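Colleague: In order, the protein sequences belong to chains A and B. At position 37 of the first sequence (counting the first as 1) the number is 37 in the numbering used here, and the numbers step up by one without a gap. At position 117 of the second sequence (counting the first as 1) the number is 117 in the numbering used here, and the numbers step up by one without a gap.
Careful, some of the hints might be misleading.
What follows is a set of in silico ranges between Cβ atoms, one per label pair, in the way DEER data are often shown [as the list claims (entries may be wrong)]:
#, chain 1, residue 1, chain 2, residue 2, range
1, B, Leu-58, A, Val-67, 57 to 67 Å
2, A, Glu-63, B, Thr-54, 50 to 60 Å
3, B, Met-120, A, Asn-65, 45 to 55 Å
4, B, Asp-50, A, Arg-52, 38 to 48 Å
5, B, Thr-119, A, Arg-52, 32 to 42 Å
6, A, Thr-39, B, Leu-58, 49 to 59 Å
7, B, Gly-75, A, Ser-75, 36 to 46 Å
8, B, Asp-31, A, Gly-31, 15 to 25 Å
9, A, Gln-48, B, Met-120, 36 to 46 Å
10, A, Val-29, B, Asn-150, 26 to 36 Å
Derived by calculation from the structure, the hints in this document are not laboratory data. These numbers were taken from a predicted model, which means no experiment stands behind them. We treat Cβ as the ideally placed atom computed from N, Cα and C, and that holds for glycine.
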Amino acid sequence: MKTDILVDTRGMACPMPIVKAKKALDGLVSGQLMEVWSTDKGSLNDFQAWVRQTKHELVKHEEENGVYKFLVKKS
Amino acid sequence: MKDQTTIVLFSGELDKAIAAFIIANGAAAYDHEVTIFFTFWGLNTLRKDDAVKTKKGLLEKAFGWMMPRGAKKLGLSKMNFGGLGPQMIKHVMKKHNALSLPQLIELAQEQGVKLVACTMTMDLLGLQQEELIDGLEYAGVAAYLGDASNGKVNLFI
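So that you can see chain A by itself, here it is in the shape it has in the complex (with noise of 0.2 Å):
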């Protein structure tokens, strides 16, 4: 899947990820898409709660070698 814009937080501790995650969905537009990269054991959690609190949609969330990879859709 085509992603529109890749934040890449990893090696960022908590409150970082989310912080970045916001400011770049900020600048898209409703639809499109936005992966993030974290290394913060927490994010998974953070990454669901937030997405459903700011009425996004997480697409897809994966983890890799310690990279928490989520896909969100802005609503």
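Take the given structure of chain A and dock chain B to it, following the hints.
Modeller: Structure of chain B alone, referenced to chain A:
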């Protein structure tokens, strides 16, 4: 209307201030309108690093000397070890790529978090507006309650 988060930062310790600012920045990323209301010892977080010349009485001056001047000078609520604790925590935070308190404050201001200094306790502690960082609002309990009444998250730290 946006959801609101309000935090009262009453405490003047580094660890508590960091917790408050991480929650505030997270809430801003949640697209909440965020207010931190600084009262009593929490006000010391907002002091400028350098001394500012002001007209004060002796007691007020003494308060100024005894309290930490700014976010870089705060002690820890546990394991302070006479100032060694904060150095240790800052070292560990750097190692883990966590933002420092001054960076968290800057990020909060950049994200539009409203920082409100309580004017009544400023008077009690002898702190004047010129001694605090720029970009603050000055208000009292009614302004805080106005925000908190709409708040989904209200914390006292």
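Colleague: Give me the numbers of the hints this structure contradicts, sorted from smallest to largest.
Modeller: Of the numbered hints, all hold.
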